[in-house]
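Using the working numbering, the letters of the sequence shown map in sequence onto residues 484 to 588.
Hints are not guaranteed to be accurate.
[To be verified] Subject to a maximum C-alpha distance of 20 Å in a straight line, what follows is the list of computed EDC-like cross-link-like pairs (lysine to aspartate or glutamate):
#1 528 - 485
#2 520 - 549
#3 489 - 512
#4 526 - 499
#5 523 - 506
#6 526 - 577
#7 513 - 485
#8 516 - 560
#9 520 - 488
#10 523 - 549
#11 526 - 506
#12 523 - 495
#13 523 - 499
#14 516 - 506
#15 523 - 488
#16 528 - 549
#17 526 - 560
#18 513 - 549
Source of the hints: derived by calculation from the structure; they are not laboratory data. Quantities reported herein were computed from a predicted structural model and do not represent experimental measurements.
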Amino acid sequence: MEFQDKVLTCIDCSADFIFTAGEQLFFYDKQFKNQPKRCKACKSKRVAVLTAPQALGNAHHFSRVETRATCSQCGKETTVPFRPTQNRPVFCRECFTQKKSAATA
Numbered sequence: 484m485e486f487q488d489k490v491l492t493c494i495d496c497s498a499d500f501i502f503t504a505g506e507q508l509f510f511y512d513k514q515f516k517n518q519p520k521r522c523k524a525c526k527s528k529r530v531a532v533l534t535a536p537q538a539l540g541n542a543h544h545f546s547r548v549e550t551r552a553t554c555s556q557c558g559k560e561t562t563v564p565f566r567p568t569q570n571r572p573v574f575c576r577e578c579f580t581q582k583k584s585a586a587t588a
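Modelling step: build the complete structure from the supplied sequences, incorporating the hints.
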């Protein structure tokens, strides 16, 4: 199959960019169904935004869940970094550490 350079228009900045024959061959080999929609500059900006950590205003996306629970072993009130489910036992830090060290010994 013979490929020739194509001129495409970026959906973000409306600038024309070249979809080279080599890039088309790569897309064909990878069995990609769609042509690129963004120029290299806009694609780079988009990737940077999508992979960047969220701003402080959206910090809740990365915050850990803290749930109050009662330790199943000693009965002490504690907090755990998850939501307990499926009626599984919940341990405080001390009991968890003891249980973990007993399992590895």
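Evaluated hints:
A distance of roughly 31 Å separates the Cα atoms of residue 528 and residue 485; the hinted pair therefore is violated under the 20 Å criterion. Under the criterion of a C-alpha separation no larger than 20 Å, the hint pairing residue 520 with residue 549 is inconsistent with the structure, at around 42 Å. The straight-line distance between the Cα atoms of residue 489 and residue 512 is roughly 17 Å, inside the 20 Å bound, and the hint therefore holds. About 14 Å separates the Cα atoms of residue 526 and residue 499, which keeps this hinted pair within 20 Å; it holds.
Only pairs whose Cα atoms come within 20 Å are accepted, and residue 523 paired with residue 506 is accepted, the gap being roughly 12 Å. Between residue 526 and residue 577, the direct Cα distance comes to roughly 49 Å. Violation of the 20 Å bound is thereby established for this hinted pair. Between the alpha carbons of residue 513 and residue 485 the distance comes to roughly 16 Å, so the proposed pair stays at or under 20 Å and holds. Under the criterion of a C-alpha separation no larger than 20 Å, the hint pairing residue 516 with residue 560 is inconsistent with the structure, at around 56 Å.
For the proposed pair residue 520 and residue 488, the alpha carbon gap of about 15 Å is at most 20 Å, so the pair holds. Restraint check for residue 523 and residue 549: the C-alpha separation of about 42 Å exceeds 20 Å, so the hint is violated. Proximity of residue 526 to residue 506 is assessed by CA-CA distance (about 15 Å); at most 20 Å being required, the pair is judged to hold. Restraint check: the Cα-Cα separation between residue 523 and residue 495 comes to about 11 Å, which is no more than 20 Å; the hinted pair holds.
At most 20 Å may separate the alpha-carbon atoms for a hinted pair to count; residue 523 and residue 499 meet this at roughly 11 Å. Between the alpha carbons of residue 516 and residue 506 the distance comes to roughly 13 Å, so the proposed pair stays at or under 20 Å and holds. Proximity of residue 523 to residue 488 is assessed by CA-CA distance (about 15 Å); at most 20 Å being required, the pair is judged to hold. Taking the CA atoms of residue 528 and residue 549, the gap is near 35 Å; set against the 20 Å cutoff, the hint is violated.
Restraint check: the Cα-Cα separation between residue 526 and residue 560 comes to about 50 Å, which exceeds 20 Å; the hinted pair is violated. Among the hinted pairs, residue 513 with residue 549 is inconsistent with the structure: their alpha-carbon atoms are about 44 Å apart, more than 20 Å.
Hint compliance for this structure: hints 1, 2, 6, 8, 10, 16, 17 and 18 are broken, all remaining hints hold.
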